[in-house]
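Participant: Single-letter residue listing:
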Amino acid sequence: MELLAKIAFVVYTLLVLGGGCLAVGAHSLVRAMVGLITSLLGVAGMYLLMAAPFMAFMQILIYVGAVCVLIFFAIMLSKADEHGVESGSRRPGKALLSALAFISPAFVIGWVVVNYQPESINLPVEVPLAVLGKGLLDNYSLAFELISVVLLAAMAGAVLLAFEKKGRAAE
Amino acid sequence: MSPLMMYQLVALGLLAIGLYGIVWRKSLVGMLISVELMLNGAGLSIVAASQLTAADSATGQIATLFVMGLAAAEATLVLAIIVVVAKRFKSTETDVVSRLKG
Chain A
1 MELLAKIAFV VYTLLVLGGG CLAVGAHSLV RAMVGLITSL LGVAGMYLLM
51 AAPFMAFMQI LIYVGAVCVL IFFAIMLSKA DEHGVESGSR RPGKALLSAL
101 AFISPAFVIG WVVVNYQPES INLPVEVPLA VLGKGLLDNY SLAFELISVV
151 LLAAMAGAVL LAFEKKGRAA E
Chain B
1 MSPLMMYQLV ALGLLAIGLY GIVWRKSLVG MLISVELMLN GAGLSIVAAS
51 QLTAADSATG QIATLFVMGL AAAEATLVLA IIVVVAKRFK STETDVVSRL
101 KG
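Chains as they are written, first to last, in my numbering: chain A, 1 to 171; chain B, 1 to 102.
The hints are simulated quantities; they were obtained by calculation from the structure and are not laboratory data. Predicted, not measured: the structure shown is a model, and the values here were computed from it. Don't take each hint at face value.
Unchecked claim - Straight-line distance between alpha carbons at most 25 Å, and here's what the computed DMTMM-like set of lysine to aspartate or glutamate pairs gives:
#1 A:79 with B:95
#2 A:94 with B:95
#3 B:90 with A:164
#4 A:134 with A:145
#5 A:94 with B:93
#6 A:79 with B:93
#7 B:87 with B:74
#8 A:79 with A:164
#9 B:90 with B:74
#10 A:6 with A:126
#11 A:134 with B:56
#12 A:6 with A:119
Full structure from sequences and hints, please.
Facilitator: Okay, here's the thing in structure tokens:
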């Protein structure tokens, strides 16, 4: 990799992991959301570094633009208290349990990644957008249609779940 | 250290942080945020594996697009569930919501 690419990679890594730590560790959920957005933007930068600008664009459009706004709505509609839902005391031993939950898979997968790495190319090639579109509508058209149906079903289900009948609102 | 391994280690870091958060967090919204982190790690890993090896690049990018679509669908449903739970229990903390306390 070139020197500039290395510097950019380090900066994006700091954004991704620092944002992730803030997203998990912050007491206030809104601050956790800011951490999540930082992390998502770092991942978008990594897509740019890997010569996949369309993926970076989609990352910002779908994750930062849509999913994060949805989670903000979830925070606002769930009436979280002002001191932060996460700030109270936790059960003893929960920190140990959470550490165990990530140490064992991270150790196993990390060992596999370090020891069995395939041949890597240094300069990734950019895929033209036409090839991606052709793939979506040609080879993977069934999966594309299915994911549209899944999205439609999820939205219809969400509206149905959150819908309140007029007479029952006072209950 | 090859570029592929560096990207895979960052993706692994995202997965580990998400796993930690899903156990550590007390509220449903916090757990949703952790799940999004894990899904991002998966997307980053897939794109890195397809862009930086001899494998077909278009397939990897399409797979990541599908992951993003599934994440959007999942976030929509979890939002609706959180709204219903918040209405019924007046809280989204998992300790308050769970009735079977072990």
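Participant: Give a verdict on every hint.
Facilitator: Going down the list of hints, with the structure as the test:
no.	hint	result
1	A:79 with B:95	holds, 16 Å
2	A:94 with B:95	holds, 13 Å
3	B:90 with A:164	holds, 16 Å
4	A:134 with A:145	holds, 14 Å
5	A:94 with B:93	holds, 15 Å
6	A:79 with B:93	holds, 11 Å
7	B:87 with B:74	holds, 20 Å
8	A:79 with A:164	holds, 17 Å
9	B:90 with B:74	holds, 23 Å
10	A:6 with A:126	holds, 19 Å
11	A:134 with B:56	holds, 14 Å
12	A:6 with A:119	holds, 19 Å
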